[in-house]
Amino acid sequence: MAAYALPFEKPLAELNRKLEELRGFGRKQNVDVAADLAQMERKIAETREKIFAQLTPWQIVQVARHPLRPYALDYVREMFVDFSELHGDRIHRDDRAIFGGLAKLGEHRVMVIGTQKGRDTKGNLEVNFGCAYPEGYRKALRLMRLAAKFNLPIITLIDTPGAYPGIESEERHIAEAIAVNLREMFTFAVPMLVTIIGEGGSGGALGIGVGDRVLMLQYAYYSVISPEGCAAILWKNRSYADRAAAALKITSRDLLAMKLADEIVPEPLGGAHVDPRQMGATLKQILLRHLLELKQVPPDELLERRYAKFRAMGVFAEQPAAAAAPVAAPGAAVQP
Amino acid sequence: MALFGKKKHTSVKVRKRDIPDGLWIKCPSCSEMVFKQELEAALNVCPRCEYHFPFARQARLALLSEAGSFEEWDAGLTSVDVLTFTGTATYTAKLKENQQETGCRDAITCGRARLGRHVIALGVMDFEFLGASMGAVVGEKVARLVERGTVERLPVLIACTSGGARMYEGLYSLMQMAKTSAALARHAAARLPYIPVLTHPTTAGVMASFATLGDVIIAEPGALIGFAGPRVIKETTQQELPAGFQSAEFLLKHGLLDMVVPRKELKSQLILLLDYLMPPPPAEPLPAPAAASTP
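Here the protein sequences come in this chain order: A and B. The first sequence begins at 1 in the working numbering and counts up by one. The second sequence begins at 1 in the working numbering and counts up by one.
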């Protein structure tokens, strides 16, 4: 994993380099350096722990975008068996930025849907850097309807910078595709589990992000606008993204406190990419727990609770109508 | 790449200076000098070239309701700086400034009104207030409007405009998209009509939620309508945008809109649509003869 170090991981990379040097030295000179190696490894572990215990929001965004981070299909391989991918929106084409299909999670038959990023240039061109077109959202909707028809729970894995802002997206009405998904996701009477596994990029994430539970990986982020976009608007300079990331409150810890995320899925020290297998196992266990809980809830009750959950999101002040002279000072009655 | 709350990014030209305040106003489209009173009498539409000037919240409310029939709902809702947002200015300061300039608490006014023979749940958004961005107040007021419309079995009509989500409220603002769409799902299930009227400009988070969920979607001529702003699209794709891209007429041609309706025909067109979608209740059946009603 030392192959790619984020800027704030430089001290770690340096220590790793020294470790390799020492190991090489020991081999070449036939000297016993075991004690030194162990000490250095301890130091590396301590340094990593220290760095990751105090990541800033902007550093968390970088972990979420780490080029080695497991992507949605990696989780499909780790957590599910017998995945049968289903293609196409039956209108325009098969958008590779959003995949979906039937799969088994433990003993549960489910529909799994996710946004997919590419590992290299070729892969990224295929999935458009994880930015879906309208047909991606329409495919997701088709598969969710299919799932609801056959009473299969829906599991979505989200990792996208956002829906694709292009000419064709507008011509085929990306906004309408997302809006229809938002409305329809409140009508499927099957358990719906949403997990933000990396980037939760605004409407592009929310477009498959309504559910009975919204989970976030520890170093995932979920934001109404990218930190760079926010910085460009507020400071007229994208390099203020670190400030924007802090101001927007986009980390799993912030969003859990704001009751917009239900649970944080802990990542291995150093991030999900350090141990994708363990990450998959952890997430699978948590998904299964929620799935078992939700399967106990009667369908009508499920829809009622899902409505109430999103209905309660947002904070504002309210004064009694009688006292509502225009533009008085904000009242005290803050409603969560 | 995230697309909301970038109102200042778009090339939207609705600035306070464009709102007519002199005696004569120059039409930005045909350069004709128009007498202010004449323009107002024509609902802020240029008498020469039909260019649709911005239309103030109160004027829009008056246009879409019969005189004296509007009764405001949820007037007491006010935004709060829930994230203690630290940008170049505080959110609280921004809110105060916008409240003082507009004399309104936030970017939407909602209530019950009469339109023709119909009683409707009416919402009117106002770009003058923080670019009509959607925060918790806008989301809550739309959700309540739609919910109350569902309970009272009223058609819902919303005059939309928006630069997107209200960035200062972080992810709460994004979730208003889900909240408003959820309320509309129930309104739709009750088989009641919902008609959004998209005015200049309607974009981003509002566009990707309640603005595009209408049974019939109407837009005003020349309105800029889209998800991402033209500048963002240009920067992302490095492509020249087609002529008229994201205009109401472009979207009519590309199949999103049901109709583009000039402002002066808007009211009569809406009444006609409601006449189709909200037929009067069937006349009371004649009471059965007394003898027949005994079991």
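Just so you know, not all the hints are guaranteed correct.
Which residues of chain A face chain B? A partial, calculated answer using Cβ under 7 angstroms [to be verified]:
{"hint": "1", "residue": "Leu125"}
{"hint": "2", "residue": "Asn128"}
{"hint": "3", "residue": "Ala189"}
{"hint": "4", "residue": "Leu206"}
{"hint": "5", "residue": "Tyr222"}
{"hint": "6", "residue": "Cys230"}
{"hint": "7", "residue": "Tyr240"}
{"hint": "8", "residue": "Leu256"}
{"hint": "9", "residue": "Ala257"}
{"hint": "10", "residue": "Leu260"}
{"hint": "11", "residue": "Ile264"}
Worth flagging that the hints you see were computed from the coordinates, not collected in a lab. Since the structure is predicted, the reported quantities are computational estimates derived from the model, not experimental observations. Even glycine gets a Cβ: it sits at the ideal position worked out from N, Cα and C.
Residue hint tyrosine 240 of chain A, partner chain B, criterion CB-CB below 7 angstroms: violated (9 angstroms)
Residue hint leucine 125 of chain A, partner chain B, criterion CB-CB below 7 angstroms: With a minimum Cβ separation of about 14 angstroms from chain B (threshold 7 angstroms), the hint on leucine 125 of chain A is violated.
Cut-off 7 angstroms, beta-carbon criterion: hint that alanine 189 of chain A touches chain B: Result: violated, 12 angstroms to nearest chain B Cβ.
Given hint alanine 257 of chain A near chain B, where the shortest CB pair must fall under 7 angstroms: Given a least distance of 11 angstroms, the restraint on alanine 257 of chain A is violated.
Are leucine 260 of chain A and chain B close enough, Cβ to Cβ, to be under 7 angstroms, as the hint says? The hint holds - leucine 260 of chain A has a Cβ within 7 angstroms of chain B, the shortest such distance being about 5 angstroms.
Given isoleucine 264 of chain A as an interface hint, is its Cβ closer than 7 angstroms to any Cβ of chain B? violated (15 angstroms)
Hint check, cysteine 230 of chain A versus chain B [nearest Cβ-Cβ separation less than 7 angstroms]: holds (6 angstroms)
Hint validation: leucine 206 of chain A versus chain B, beta carbon distance must be below 7 angstroms. Holds or violated? This interface hint holds because 6 angstroms falls under the 7 angstroms limit.
Agreement of hint asparagine 128 of chain A with chain B interface, Cβ distance less than 7 angstroms: With Cβ-Cβ at 11 angstroms, over 7 angstroms, it is violated.
So, leucine 256 of chain A near chain B? Judge it on the closest CB pair being under 7 angstroms. violated (12 angstroms)
Report holds or violated for the interface hint on tyrosine 222 of chain A, using the least CB-CB distance to chain B and a cut-off of 7 angstroms. This hint holds: tyrosine 222 of chain A lies near chain B, its Cβ roughly 6 angstroms from the closest one there, short of 7 angstroms.
Hints 1, 2, 3, 7, 8, 9 and 11, counting from the list given before, are not met by this structure.
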